[in-house]
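Chemist: Go by the hints and put chains B, C, D, E and F onto chain A.
Residue numbers (the working numbering), protein chains in the order written: chain A, 1 to 133; chain B, 1001 to 1133; chain C, 2001 to 2133; chain D, 3001 to 3133; chain E, 4001 to 4133; chain F, 5001 to 5133.
The set of hints was computed from the structure by calculation and includes no laboratory data. Computed from a predicted structure; not experimentally measured. One should not assume that every hint holds.
Said to hold, decoys possible - Keeping only pairs whose Cα atoms sit at most 27 Å apart, straight-line, the calculated BS3-like set for lysine-lysine is: (1) Lys-2054(C) - Lys-2093(C); (2) Lys-3093(D) - Lys-5044(F); (3) Lys-4093(E) - Lys-2044(C); (4) Lys-4044(E) - Lys-1044(B); (5) Lys-5044(F) - Lys-2054(C); (6) Lys-1054(B) - Lys-4054(E); (7) Lys-1093(B) - Lys-3044(D).
As the list claims (entries may be wrong) - Interface residues of chain C toward chain A, partial, derived using beta-carbon atoms under 10 Å: (8) Asn-2079; (9) His-2085; (10) Glu-2103; (11) Ala-2109; (12) Asn-2112; (13) Arg-2116; (14) Arg-2122.
The beta carbon of each residue, even a glycine, is placed where N, CA and C say it ideally should be.
This is what each chain is made of:
There are 6 protein chains.
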Amino acid sequence: MAMVRLIEIEDASAEVRAVYDDIMRTRGTDWVNNFWKALANDPKALRRVWSAVKEVMAPGALDPLTKELIYVAVSVTNNCDYCIHSHTAAARKAGMSEAMFAELMAVVALANETNRFANGYRIEVDEAFRPRY
Amino acid sequence: MAMVRLIEIEDASAEVRAVYDDIMRTRGTDWVNNFWKALANDPKALRRVWSAVKEVMAPGALDPLTKELIYVAVSVTNNCDYCIHSHTAAARKAGMSEAMFAELMAVVALANETNRFANGYRIEVDEAFRPRY
Amino acid sequence: MAMVRLIEIEDASAEVRAVYDDIMRTRGTDWVNNFWKALANDPKALRRVWSAVKEVMAPGALDPLTKELIYVAVSVTNNCDYCIHSHTAAARKAGMSEAMFAELMAVVALANETNRFANGYRIEVDEAFRPRY
Amino acid sequence: MAMVRLIEIEDASAEVRAVYDDIMRTRGTDWVNNFWKALANDPKALRRVWSAVKEVMAPGALDPLTKELIYVAVSVTNNCDYCIHSHTAAARKAGMSEAMFAELMAVVALANETNRFANGYRIEVDEAFRPRY
Amino acid sequence: MAMVRLIEIEDASAEVRAVYDDIMRTRGTDWVNNFWKALANDPKALRRVWSAVKEVMAPGALDPLTKELIYVAVSVTNNCDYCIHSHTAAARKAGMSEAMFAELMAVVALANETNRFANGYRIEVDEAFRPRY
Amino acid sequence: MAMVRLIEIEDASAEVRAVYDDIMRTRGTDWVNNFWKALANDPKALRRVWSAVKEVMAPGALDPLTKELIYVAVSVTNNCDYCIHSHTAAARKAGMSEAMFAELMAVVALANETNRFANGYRIEVDEAFRPRY
Chain A
1 MAMVRLIEIE DASAEVRAVY DDIMRTRGTD WVNNFWKALA NDPKALRRVW
51 SAVKEVMAPG ALDPLTKELI YVAVSVTNNC DYCIHSHTAA ARKAGMSEAM
101 FAELMAVVAL ANETNRFANG YRIEVDEAFR PRY
Chain B
1001 MAMVRLIEIE DASAEVRAVY DDIMRTRGTD WVNNFWKALA NDPKALRRVW
1051 SAVKEVMAPG ALDPLTKELI YVAVSVTNNC DYCIHSHTAA ARKAGMSEAM
1101 FAELMAVVAL ANETNRFANG YRIEVDEAFR PRY
Chain C
2001 MAMVRLIEIE DASAEVRAVY DDIMRTRGTD WVNNFWKALA NDPKALRRVW
2051 SAVKEVMAPG ALDPLTKELI YVAVSVTNNC DYCIHSHTAA ARKAGMSEAM
2101 FAELMAVVAL ANETNRFANG YRIEVDEAFR PRY
Chain D
3001 MAMVRLIEIE DASAEVRAVY DDIMRTRGTD WVNNFWKALA NDPKALRRVW
3051 SAVKEVMAPG ALDPLTKELI YVAVSVTNNC DYCIHSHTAA ARKAGMSEAM
3101 FAELMAVVAL ANETNRFANG YRIEVDEAFR PRY
Chain E
4001 MAMVRLIEIE DASAEVRAVY DDIMRTRGTD WVNNFWKALA NDPKALRRVW
4051 SAVKEVMAPG ALDPLTKELI YVAVSVTNNC DYCIHSHTAA ARKAGMSEAM
4101 FAELMAVVAL ANETNRFANG YRIEVDEAFR PRY
Chain F
5001 MAMVRLIEIE DASAEVRAVY DDIMRTRGTD WVNNFWKALA NDPKALRRVW
5051 SAVKEVMAPG ALDPLTKELI YVAVSVTNNC DYCIHSHTAA ARKAGMSEAM
5101 FAELMAVVAL ANETNRFANG YRIEVDEAFR PRY
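Extracted from the complex, chain A is given alone in its bound form (with noise of 0.2 Å):
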């Protein structure tokens, strides 16, 4: 049960369902996921949130894909429930196979053991790798 009540579709007030309408529209869907229902109780930060969102999620540079896969990294490494869910199953949704998400799980496993054999010997970092410009 969440800390804050979910504000539902049929309950929003005309500033959410705005919001919401764009959630679906964007995504071509009928339906808003709770992650929304929840901040919904905080328009300002609702309206923030998801323009961030549309914002960055967007094709660009890298495609949806890449970034789904990059959101599920973090989101494992951090252990949010909700976000492993729900962004596994956006990547699903934009072509991840079940192949792509085993090594996702395994690069991401494996970065966790690396950082602490770097952070735990105190590893300086090589010449060759600073930046340069």
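Modeler: Chains B, C, D, E and F alone, transformed into the frame defined by chain A:
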């Protein structure tokens, strides 16, 4: 200064040298980065971790660039200085443009933000996001 | 189901009971929450942690509500289910309104986002932000 | 040295300059800190993140000092060097005394401690702490 | 419900079955825990991770109980529900008493607390603590 | 440079000096490390945290070396530079060999890896791992 002495190529035992040679052959380089020189103090760890990196990061269902982007995403989330530098360099070598790097950062940052909204509000996973098999 | 049996008030040893009594007296309640019932398996830890909580959370330069908001901010960042619930309840008891809760969540989420931009880009601290003493 | 070149005020495009000007106007300063100079490599991110910071950190149900204390609490938990420095400076500017800073550190540290007792013992949330709405 | 189907022993391919058999032989048990049944969807990951666990957790300079205590310490810090349960069970099997478990929790919690004091105050490492080699 | 001035022994108030003396007496040293010199700005925190460290790290069901290994495991997972240095030094003083240090790093890194497989796949805890009491 690292917690352990870095084992230079010329000081490496035959066992360590064999791994160093495989690293250089696989990457087509004539040097070995500090990460492996630190791990070389534990030759079994050196062999095991290198062999895992080689297997996991090889092209598969996901291409090498995508894997490096995921690696950077985890390293940024964990704030691993060494890994951010080494895997950003690897991602650039694999074709990451500055525009892709900027989008990677934006997705990682956004995911870290929405992870906390979901965790903080303890939002229930929507039925539609549950895995089906 | 917790990893250890919860020690109920009626089953508490005199040593544990004394701490339970102090918790109830300090809070003006007639019950003890599960956190302490779990720690009670290690009476020294129970006494030490309770005494630290009592000292740190007492009104001082910061008022109790501000302290609870900070506690929730940490618990959300770490994704501690128990602590989010218990300290959100405590914050509400100390006067946190729904609007304050929403702003708390927004600041916590934003800080988690900008933390990753700063970490990922390895941004140097401005001279003006260095401590001066 | 940051992963990207910092965009100085005199090198900023009109789009970036407009955000820099808004930052300086809002804060009543004549300089821009490195965080924004790094983000300026991605003008859309610069505009989006600044606009989020401006909206979230404005006085509301919580006052600016309380918001900065929460920001520091998150940054310390995540160990973000840049953010600890910049938001501790901002908190001091907003009125944080040394005594408040010490209490902030004590609460953050304590919360990180009790978070692990709760997580490690997998303590069940008390019914009394469940949200009611 | 896991994100992937768990591969039961009777449904395992020869390749997966060989790893399952090695797990059961090594542990002297007649069952395989869910962790491996999930990884079995990626037989290479199953083989690689099991072989790493077998090598790293074998008695060496540190005894198996000490290694399990360290494993639990990491899992509690990361709040990994599955790993806390499986490695607490393994630690108990390796001889961890209730008193040892309580002290383990106390050290983990304390370390998480003092880590934040050190990070928050950005305390410089004493010369005496620098590695010497 | 730390966020607060370090309080040297010769500048310490009687209250702070008493704790410093207890630290030196307990450890059989004639110096105090920076951690305590930073905390000394808040004498109550200095006394409380030192007294917790003294109690928790004393020999009990777990020996001092094992406790230091656990401390390092947490500090590496959290990437606390100061704590990795100070507790690796303490572990070495308590008898940690280079081989033990290497195995410690290997277990910590592996646990961080498998934690993410378990979290990412959302693997259900096996009945056999549930606590029984």
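Chemist: Against each hint, give a clear statement of whether it holds in the structure.
Modeler: We went through each hint and held it up to the structure:
no. : hint                      : in the structure
1   : Lys-2054(C) - Lys-2093(C) : holds (16 Å)
2   : Lys-3093(D) - Lys-5044(F) : holds (26 Å)
3   : Lys-4093(E) - Lys-2044(C) : holds (26 Å)
4   : Lys-4044(E) - Lys-1044(B) : holds (20 Å)
5   : Lys-5044(F) - Lys-2054(C) : holds (12 Å)
6   : Lys-1054(B) - Lys-4054(E) : holds (20 Å)
7   : Lys-1093(B) - Lys-3044(D) : holds (25 Å)
8   : Asn-2079                  : holds (6 Å)
9   : His-2085                  : holds (8 Å)
10  : Glu-2103                  : holds (8 Å)
11  : Ala-2109                  : holds (8 Å)
12  : Asn-2112                  : holds (9 Å)
13  : Arg-2116                  : holds (8 Å)
14  : Arg-2122                  : holds (8 Å)
Violated hints for the displayed structure: none, as all numbered hints are satisfied.
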